[in-house]
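Engineer: These protein sequence lines are chains A and B, in that order. Per the working numbering: the first sequence = residues 1 to 116. Per the working numbering: the second sequence = residues 1 to 110.
Please keep in mind that the hints were generated in silico from the structure rather than gathered at the bench. Possibly wrong hints are sitting among the right ones.
Now the stretches of chain B that chain A is said to cover, found in silico as 3 or more residues with beta-carbon under 8 Å [unchecked claim]:
(1) 8-17
(2) 43-50
(3) 75-85
(4) 88-97
Note that beta-carbon positions come from the ideal geometry of N, C-alpha and C, so glycine has one too.
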Amino acid sequence: GAGVSQSPRYKVAKRGQDVALRCDPISGHVSLFWYQQALGQGPEFLTYFQNEAQLDKSGLPSDRFFAERPEGSVSTLKIQRTQQEDSAVYLCASSLSQGRWGTEAFFGQGTRLTVV
Amino acid sequence: GQQLNQSPQSMFIQEGEDVSMNCTSSSIFNTWLWYKQEPGEGPVLLIALYKAGELTSNGRLTAQFGITRKDSFLNISASIPSDVGIYFCAGAGGSEKLVFGKGTKLTVNP
Chain A
1 GAGVSQSPRY
11 KVAKRGQDVA
21 LRCDPISGHV
31 SLFWYQQALG
41 QGPEFLTYFQ
51 NEAQLDKSGL
61 PSDRFFAERP
71 EGSVSTLKIQ
81 RTQQEDSAVY
91 LCASSLSQGR
101 WGTEAFFGQG
111 TRLTVV
Chain B
1 GQQLNQSPQS
11 MFIQEGEDVS
21 MNCTSSSIFN
31 TWLWYKQEPG
41 EGPVLLIALY
51 KAGELTSNGR
61 LTAQFGITRK
71 DSFLNISASI
81 PSDVGIYFCA
91 GAGGSEKLVF
101 GKGTKLTVNP
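Chain A with its partners taken away, still in its complex shape (with noise of 0.2 Å):
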């Protein structure tokens, strides 16, 4: 498709319960970032591919947290044994990662998650 993909747009989950996020990049950007959007807030950086290489995850809050991209191109977000401050929009972006145009990032729709 022509922009990023995520899916679910929306996601339940009951606290304790595991939960996978996917993004789905542009085609041919070879960066792919994941944010975390708090209600009120602005997204906050968690993790950071360059390709199927997951160069920077500083931000991810737990080890409850893991993301992979094992092919260099669709990424996915796992969140295990999910807890209501894990209820956030989860936001995927990706950028072509060739000089200054490596930090234009084009956002996602984003998944909702509600934890109850």
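Given chain A, work out where chain B should sit, using these hints.
Structural biologist: Relative to chain A, chain B alone:
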């Protein structure tokens, strides 16, 4: 996590008015970007700035990269109802990771 200081938090203006919002940081950034987010959508890139002092326009939008590399502003001229949304500044330092402000919520009264 780290966030930029963005102001004002919200603005209520009449259609046709000009708008100005800004963003400051305690750290130097190499790139500043401005995004707009509408309800239920992801942020959409409006303007990207790459050099200190750079002034860039995109239609009715104008943004500048501050000389100190620690600030940026966004101006919207002759606002229209479809300008409604939340505007975020974002900065990038030595990597492609973006640090965002908390947003400026713009309401335009017709």
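Engineer: Take the hints in turn and mark each one as holding or not.
Structural biologist: Going through the hints against the structure:
1. 8-17: violated (count 0)
2. 43-50: Result for this restraint: holds, n = 5.
3. 75-85: violated (count 0)
4. 88-97: holds (count 6)
Consistency with the previously given hints fails for numbers 1, 3, ordered from lowest to highest.
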